[in-house]
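Engineer: Here full-length UniProt numbering is used: the first residue of the sequence shown is 1, the next is one more, and so on.
Any given hint might turn out to be false.
[Said to hold, decoys possible] Restraint ranges, calculated between C-beta atoms of paired labels, are given here:
{"hint": "1", "residue 1": "Gln11", "residue 2": "Arg37", "range": "42 to 50 Å"}
{"hint": "2", "residue 1": "Ser17", "residue 2": "Gly116", "range": "19 to 27 Å"}
{"hint": "3", "residue 1": "Glu197", "residue 2": "Asn158", "range": "16 to 24 Å"}
{"hint": "4", "residue 1": "Ala83", "residue 2": "Thr35", "range": "40 to 48 Å"}
{"hint": "5", "residue 1": "Ala28", "residue 2": "Leu170", "range": "18 to 26 Å"}
{"hint": "6", "residue 1": "Gln183", "residue 2": "Arg70", "range": "27 to 35 Å"}
{"hint": "7", "residue 1": "Glu13", "residue 2": "Lys38", "range": "14 to 22 Å"}
Note that these hints are calculated values from the structure, not bench results. The beta-carbon is built from N, C-alpha and C at its ideal position, and this holds for glycine as well.
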Amino acid sequence: MGRKERRQREQQELRQSIMDAAREIALAEGWRNVTMRKIAERIEYSHPAIYDYFENKDVLLLELVHEGFRLLELELQTAQARASNATEKLFLIGQGYFTFARRYPELYRVMFGLDGATFSISEPEKEGLQIGKIATEAVMGVLEEHNWSTQYVDEEVNILWSTAHGLVTLAMVERLPGDQVQQLFDRTVQNMMLAWEHGSASSTVERLAKE
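Could you put together the complete structure from these sequences and hints?
Structural biologist: Structure (structure tokens):
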């Protein structure tokens, strides 16, 4: 390995160390207490030199948001790959979502602006849209598998995501036992499938839209 390649590798390793340190501090103290100075102290690096890798805390948080969405997408893809049919895929995607939140709680918080993890740069849209695409395809698959109406699929996806996110958030602030999250989500999916089967979900959305 040449000098240039070695230097590039060292820079990438240091960049990752900065990101890892930020996550460790956030996990222990919350995102509101993450500072560039604390990160520098944790990795035993000079405070000013940190800014050679990340212009400011907002830029660092944005990169962590990107990393979080990449890991979430991988978790969902891995989960749905185990499914043998569309219905099972939907349940497994929910399982993958909760697995990610349990495994990387500090990333989940920064991705969705929880725990004081606010920053001025807009949250990246590309990764979020990809997660939405996975969820939409899963719901669409269930509806088509049973020959149910797909007219309001976007609304159905939003209901499921709102439920999943709400359950995770309640569990994180200890307002809901963590072992109930998957159970409650599965029950929600089952109830929605009953509504889809009888067409009541679509008719309700249509009625509300007319009011």
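Engineer: All hints are to be evaluated individually against the structure, with a verdict given for each.
Structural biologist: Results of checking the hints against the structure:
1. Gln11 to Arg37: 42 to 50 Å: 21 Å, violated
2. Ser17 to Gly116: 19 to 27 Å: 23 Å, holds
3. Glu197 to Asn158: 16 to 24 Å: With a Cβ separation near 20 Å, glutamate 197 and asparagine 158 satisfy 16 to 24 Å, so the hint holds.
4. Ala83 to Thr35: 40 to 48 Å: 43 Å, holds
5. Ala28 to Leu170: 18 to 26 Å: Since alanine 28 and leucine 170 have Cβ atoms about 22 Å apart, the given range 18 to 26 Å holds.
6. Gln183 to Arg70: 27 to 35 Å: 28 Å, holds
7. Glu13 to Lys38: 14 to 22 Å: This hint holds: roughly 20 Å between Cβ atoms.
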